[in-house]
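Undergrad: Below, each chain spelled out in residue letters.
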Amino acid sequence: MALKVELVSPEKVLWSGEATQVVGRTLDGDIAFLPGHAPFIGALDIAPLKIWPVGHDEHSGVKAAVHGGFVEVSDDVVTILSDVAELAEDIDLERAKSAYEKAGELLATNHADAEALAALKRAQTRLGILDYAYAP
Amino acid sequence: MAGGQERILRRRIKSIEATKKITRAMELIAASRIVKAQARVAAAKPYSEKVTSVIANLASGGAGLDHPLLREPEEVATVAYVVVAADRGLCGGYNTNVLRAVERAIEADRQAGRDYRLLLSGKKARSYFAFRDFDIHADFQGYSDQPSYEDARNLAKAATSLYENGDVQEVRLAYTRFISMGVQEVEVAQFMPLETPETTHETDEVPALYEFEPNPTVILEHLLPRYADARLFAAMLEASASEHAARQRAMKAATDNAEELKTTLSRIMNRARQDAITTEIMEIVGGSEALSHDQHDLVSDDLLADTIEGHLVELF
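Protein chains in written order, with the numbering used here: chain A, 1 to 136; chain B, 1001 to 1316.
No lab work stands behind these hints, which were simulated from the structure alone.
Source: prediction; values computed, not measured.
Ideal Cβ positions, reconstructed from N, Cα and C, are used throughout, including at glycine.
Wrong hints could be hidden among the right ones.
Claimed, not checked - A few chain B residues that face chain A, going by a derived Cβ cut-off under 10 Å, partial list only:
#1 V1051
#2 S1053
#3 R1071
#4 E1075
#5 F1134
#6 S1148
#7 E1211
#8 V1218
#9 H1222
#10 L1223
#11 D1229
#12 A1234
#13 R1249
#14 A1253
Stated by the list, open to error - List time: in silico DSSO-like cross-link candidates among lysine-lysine, alpha-carbon distance up to 30 Å:
#15 K1036(B) to K1157(B)
#16 K1157(B) to K97(A)
#17 K50(A) to K1050(B)
#18 K102(A) to K1014(B)
#19 K1123(B) to K121(A)
#20 K1036(B) to K4(A)
#21 K1045(B) to K4(A)
#22 K12(A) to K50(A)
#23 K1123(B) to K1036(B)
#24 K121(A) to K1050(B)
#25 K1262(B) to K1252(B)
#26 K12(A) to K1045(B)
#27 K50(A) to K1262(B)
#28 K1123(B) to K12(A)
#29 K1157(B) to K1021(B)
#30 K12(A) to K1157(B)
#31 K1050(B) to K4(A)
#32 K50(A) to K4(A)
#33 K12(A) to K1262(B)
#34 K50(A) to K97(A)
Work out the full structure, taking the sequences as your base and the hints as a guide.
TA: What follows is the structure, encoded as structure tokens:
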């Protein structure tokens, strides 16, 4: 048994295929989906999403930065809908780094800047994924 | 002098040829863009379909459908129009068709005592309504041949904020639907309040018992603006496919027309040239005839033949 997974952005389907496990984070916390999961709808946080395609494990799997969105699971079909989502290989490391520094500077002057907080979270998510992918 | 006419015609034919090259190139570009635009329409479908089905599942899962974007207004005093037109012309009636439809709808609203707000997408929409002294609430431009999701989101945000703070009680969306390569249709449809898909989705099937995280109402609150974005994005993509189709048709007609004009003008030009030649020969004949009458001898006939021959060599 495997899960059918689709990662969909408004402009196109980013990734689709069969997987043994999907891990993401909803607004309430981390969640993993295995085959046979109960029907589920959740709102996603800004966080990394990991997919274990059939025959792969955590280290060789698909990683994506998901900046908010939704996940629906029913009948072993996992659909992830996200306005803004990037696969690990599409992430620009330099841009993520500079975005991270910029957000940090903004937050140093104003701790409650919601936009900067969100930007920081997005940058952290991106960097987290890349470190993950590049880990020796 | 007949030669002058010929020169003018030759110049016109040249300029028509140049125009034809341009229109032909535009036709080919538009044709290739239609295919791309259609692919984008297709690529955007999964997202909007999924969002729709998630909303349907949320509704059957007991989400409170009391979201401001869903509430039917009691009375409509002001209507906002989201108008999707193009940035460029040279696409036949594409722009005017949408813009006229909106203008008519606004006129009808006025007679019913309703006010309007205009949210425009595309340079042509702006210039049309600005010229006619309409009050423009917001306008966006610079992307009509390849709209991105970001563009759709900005426009949807402007419409949503108008609707949510109560300035308008209804939002209508005017765009050109892409039905097929040959058929596009202007549509002015209700955009907000959003129509919930749940009513159409309700079947005898027992809905799956979903778990929700955090809870249906919160998810719906996040999801409905996305739904609005996706709907507008789909409309903008279709409009851009329609724009390219309209441009391709207009440019094809222009190319054909240039070809026809070229044929007609070449014919007139050739006739003018022939006329000039004939006239010249007639003059020579007339001249030598006059000479021969003066001298009354046989040599004149030879002289005539020689002169004609000499001029012919010069002419051809």
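Undergrad: Work down the list of hints and note, for each, if the structure agrees.
TA: Evaluation of the provided hints:
no.	hint	in the structure
1	V1051	holds, 6 Å
2	S1053	holds, 8 Å
3	R1071	violated, 21 Å
4	E1075	violated, 34 Å
5	F1134	violated, 31 Å
6	S1148	holds, 7 Å
7	E1211	holds, 5 Å
8	V1218	holds, 7 Å
9	H1222	holds, 5 Å
10	L1223	holds, 6 Å
11	D1229	holds, 7 Å
12	A1234	holds, 9 Å
13	R1249	violated, 27 Å
14	A1253	violated, 33 Å
15	K1036(B) to K1157(B)	holds, 27 Å
16	K1157(B) to K97(A)	holds, 29 Å
17	K50(A) to K1050(B)	holds, 20 Å
18	K102(A) to K1014(B)	violated, 58 Å
19	K1123(B) to K121(A)	violated, 36 Å
20	K1036(B) to K4(A)	holds, 28 Å
21	K1045(B) to K4(A)	holds, 18 Å
22	K12(A) to K50(A)	holds, 19 Å
23	K1123(B) to K1036(B)	holds, 22 Å
24	K121(A) to K1050(B)	holds, 26 Å
25	K1262(B) to K1252(B)	holds, 15 Å
26	K12(A) to K1045(B)	holds, 8 Å
27	K50(A) to K1262(B)	violated, 64 Å
28	K1123(B) to K12(A)	holds, 27 Å
29	K1157(B) to K1021(B)	violated, 42 Å
30	K12(A) to K1157(B)	holds, 21 Å
31	K1050(B) to K4(A)	holds, 14 Å
32	K50(A) to K4(A)	holds, 14 Å
33	K12(A) to K1262(B)	violated, 46 Å
34	K50(A) to K97(A)	holds, 21 Å
Consistency with the previously given hints fails for numbers 3, 4, 5, 13, 14, 18, 19, 27, 29 and 33, ordered from lowest to highest.
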